[in-house]
Amino acid sequence: MSALLEVDDLRVEFDTYGGTVQAVRGVSFELDRGQTLAIVGESGCGKSVTVQSIMGLIPMPPGRITSGSARLDGKDVIDDKRIDGKDIRGRLVGMIFQDPMSSLNPTMTIGEQIAETLQVHRGYSHKRALARAIELIDMTRIPEAAKRARQYPFEFSGGMLQRSMIAMSLACEPSILIADEPTTALDVTIQAQILDLMRELQRDNGMAIILITHDLGVVARMADEVLVMYAGEVVERGSVDDVFYRSAHPYTLGLRAAMPSNRDDAAQELTPIDGSPPDLFAPPAGCGYFARCPHAMRACETEHPRAFELGEQHRARCWLHHEDCDVAADEVFRK
Amino acid sequence: MVAYTVKRLLQGVITVWFIATATFFGMHAVPGDPLAADKEVPPEIWANLQARYGLDKPVPEQYVIYLSNMLKGDFGISYTQQNREVNDIIAEHFKVSATLGILAIVFAAFGGILWGALTALYRNRAPDIVIVFLVILGISVPSFVFAALGQLGVVNINNALGFTLFPVAGWGTVQHMIVPSMVLGLGTMAFLTRLMRSSMLEIANSDFIRTARSKGLPATRVFRKHQLRNAILPVVTVLGPSIAAITTGGFVVEMVFAIPGLGRYFVQAVQQLDYTVIMGTTVFYGAFLVFMVILVDLVYGLIDPRVRLE
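Protein chains in written order, with the working numbering: chain A, 1 to 335; chain B, 1 to 310.
If you are wondering where the hints come from, they were derived from the structure by calculation, not from laboratory data.
There's no promise every hint is true.
With a Cα cut of at most 25 Å, we get these calculated DMTMM-like pairs of lysine to aspartate or glutamate [what the hints assert, rightly or not]:
no.	chain 1	residue 1	chain 2	residue 2
1	B	K95	B	D128
2	A	K127	A	D99
3	B	K225	A	E173
4	A	K127	A	E112
5	B	K39	B	E61
6	A	K147	A	E135
7	B	K57	B	E85
8	A	K75	A	E30
9	A	K75	A	E6
10	B	K72	B	E92
11	B	K225	A	D87
12	A	K75	A	E13
13	B	K225	A	D99
14	B	K225	A	D9
15	A	K75	A	D9
16	A	K127	A	D138
17	B	K72	B	D56
18	B	K225	A	E6
19	B	K95	B	E85
20	A	K147	B	E92
21	B	K7	B	D207
22	B	K225	A	E112
23	A	K127	B	D304
24	B	K72	B	D128
Nothing here was measured: the structure is a model prediction, and the numbers come from that model.
Isolated chain A (complex conformation):
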């Protein structure tokens, strides 16, 4: 059986006054039904642009998909470098965003905003859509759903709003839920509740989740598979265990070293990654991580690393895995 979503060599550019930004530079991945895929990486690495391209949400112009394909359920969603997203958005793929406070229309009731999706995609009558909206609100464990449906976003707390967003994105029972940093704007206890809710609904509905985050704790808790993105590319991908315990890219190691842990050695210092990401107006010819990599070699500056196969699902774009490399990859990664 083919994967639910297959993205192959996706490239996205944006024209700006300063030149053309190559925001996504050849991203490929697959997502299976019922699975959770986490995309991690620092700000500006192309996480959001990747998923928004698949949804047809990037403004074109200035955005441009220069190559690549995406197949959802075996059907091409990128046609002639344009996306006709109306069948995808809301119906096959639901999406929730970072800041629930500003992601809902302030002058429309929560119930109306949820019902709207059903009216458009399912052709429900206004009354029927509203009744279903109340059920959906109830499903996301918001008490007094009927009363809440008649309220406006300003009457909700941040956590409640994110629950409503989830209810809205799941209204048409999509096969994929894309969550773009869904818990970044929420406080920690609410974060946990939202993540638990997403997992519960996933178990009930069998939907796949694409979770964009830069919180590795969230990844460990939620994901089956992980994509690590850097400078518009996937530098490492694999199962959660592969990426966390058998990290195969120096950037992944850098991310892990910068993450606090709750092990006994509480005095452990966090090590930031020095430097800043490369300029995507003129991406480097070699490895994007070259300038910041403690293990950089001469080849890394000029030769673009290919993805080395390290396990069944595990891939990493790093020359250290080349058989002719003088440095034993094991010494770098098995510390």
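Place chain B on chain A using the hints.
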């Protein structure tokens, strides 16, 4: 809501009282005399006239008398026009000014919202650039210039048609009203267009528009149900002050188009120091504007659920 309305109306009454007081003392501080005539008047007659109109009393006493009359709804009689009560002047001529003003504000609001939305949709393309240029013209060119140009245009249209479609001046029929109200509303329309444009662009980039698109709504529905309504809110906010701008601008346009509105009496009264007419028109306009601003605020509470009228 009711408590809020009552509170705002009480505040409005205080505002109007303040306007009346400031105008009264300001007016009396101006040198000159409403009864001054071209011809020399014997001092005895002049003193009699002063006594007849109560102008011989000290100003604070005149103030108290005036306020008590005003509370009874009596604005007095004009000093310079034969046998006319200020109430009659207002009753007769305010209708005209109000009609002109309402037409102008409707024209300005609809035009502003329409052009503003259009420029935002065609951002940085030809229609946007042209309209934004016209908007700058509309804001910077004073209304008497537009009034004169409007008349010139009317003359040309009539000549081309061979009959009088729009009269150049005067008042009475719908044809009389169209051009002056457009001229009067033009500046405000330009201002509202600019406001609506920036509001639309701000909303277009907001997170909830992205959410609406991610739900797969058709572009027209996103525009109508999510963008437009939120973008109009700032426009509604400035409608109150805009009514003030249109009313004061009305004096000039009434003058150019020879419209028998209240504005003309207002200006004339100031020139002739016609105390009762100055007071009557100022207090009346003041009260009218205060009331309109309150009305706009109440309407705003109906449109934006976040606004609680308490």
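So, going through the hints one by one against the coordinates:
1. B/K95 <-> B/D128: Since the Cα atoms of B/K95 and B/D128 sit roughly 38 Å apart, the hinted pair is violated (cutoff 25 Å).
2. A/K127 <-> A/D99: The hint is violated at about 29 Å.
3. B/K225 <-> A/E173: holds (23 Å)
4. A/K127 <-> A/E112: holds (10 Å)
5. B/K39 <-> B/E61: violated (29 Å)
6. A/K147 <-> A/E135: holds (12 Å)
7. B/K57 <-> B/E85: Given pair B/K57, B/E85 holds - Cα atoms ~22 Å apart, limit 25 Å.
8. A/K75 <-> A/E30: The given pair, whose Cα atoms are some 14 Å apart, holds under the 25 Å limit.
9. A/K75 <-> A/E6: holds (10 Å)
10. B/K72 <-> B/E92: Holds: B/K72 and B/E92 sit about 20 Å apart, inside 25 Å.
11. B/K225 <-> A/D87: Distance of about 20 Å is within 25 Å: holds.
12. A/K75 <-> A/E13: Given that 25 Å is the threshold and the Cα spacing comes to 24 Å, the pair holds.
13. B/K225 <-> A/D99: Holds. B/K225 to A/D99 sits at ~21 Å (cutoff 25 Å).
14. B/K225 <-> A/D9: violated (37 Å)
15. A/K75 <-> A/D9: At roughly 16 Å apart (the allowed maximum being 25 Å), A/D9 and A/K75 satisfy the hint.
16. A/K127 <-> A/D138: holds (17 Å)
17. B/K72 <-> B/D56: holds (23 Å)
18. B/K225 <-> A/E6: The given pair, whose Cα atoms are some 34 Å apart, is violated under the 25 Å limit.
19. B/K95 <-> B/E85: The given pair, whose Cα atoms are some 16 Å apart, holds under the 25 Å limit.
20. A/K147 <-> B/E92: violated (53 Å)
21. B/K7 <-> B/D207: Violated, because 37 Å separates the two Cα atoms, which is more than 25 Å.
22. B/K225 <-> A/E112: holds (11 Å)
23. A/K127 <-> B/D304: Given that 25 Å is the threshold and the Cα spacing comes to 23 Å, the pair holds.
24. B/K72 <-> B/D128: Not OK: B/K72 and B/D128 at ~54 Å, beyond 25 Å, violated.
The structure is inconsistent with the numbered hints 1, 2, 5, 14, 18, 20, 21, 24, although it conforms to all the rest.
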